[in-house]
Amino acid sequence: MLGAIIGDIVGSRYEWNNIKTKAFPLFGKDCRFTDDTVMTIAVAEAVMNGGERDDFIDAMKKYGRMFPRAGYGGRFYSWLFSDNREPYNSFGNGSAMRVSPCGWIMDCGFTARTGFFPSNAREMAKLSAEVTHNHPEGIKGALATADAIFLARYYFSGYCGDYEEPINDDPAECKKRIKEFIENEHGYNLSRTLDEIRPAGNHRFSGKHGL
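Here the sequence shown is numbered in this note's numbering, starting from 1 and rising by one per residue.
Quick caveat, the hints were computed from the structure, so don't treat them as lab data.
Any given hint could be a false lead.
[To be verified] When the alpha-carbon atoms are kept at most 25 Å apart in a straight line, the in silico DSS-like pairs for lysine-lysine are as follows:
{"no.": "1", "residue 1": "K140", "residue 2": "K175"}
{"no.": "2", "residue 1": "K61", "residue 2": "K126"}
{"no.": "3", "residue 1": "K176", "residue 2": "K140"}
All chains, full assembly: derive it from the sequences and hints.
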């Protein structure tokens, strides 16, 4: 969560002032938290309250209304301030931008003991998307992000030692396994370099554009 929030704040000043360089100050007077931070906090509270459908809806509407000028997309804003509790088939990246708490509660110890993914917590990640982003792409983006967070915790913390040889002292191998899993499980192409992606990028990767 801290990483998601820090990234949101650092990137906020470049939302409409695009840069395509790695040389930039992380924090400045124009930096602020945005809708992505607000919804990340909402997802965290929903998870702590049980992680049911209504928990996610209630938390999102609660925090969204507390911070109405955080920069929500048009359709999400309309949903937020209405009595409607049904999803609207979004396939934007907002569901991925807010999902980090779900990736954090996925049980590394369970996977280390059994070799299986912690399905209950993964179902929460899916549900956190579905309450608004019920399009298959919206759900897939959230699941892929949660899976990547979980696998980073699993491999880099050495949890896998109970089930397989630990590789936390080999960052290249950890990254390789995460990349292979996300590509095979979710069908994303993670082989492009930043320099290959950058020419097509028109804005900061923010849920604001997809909510």
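How the hints compare with the structure:
no.: 1; hint: K140 / K175; in the structure: holds (20 Å)
no.: 2; hint: K61 / K126; in the structure: holds (18 Å)
no.: 3; hint: K176 / K140; in the structure: holds (20 Å)
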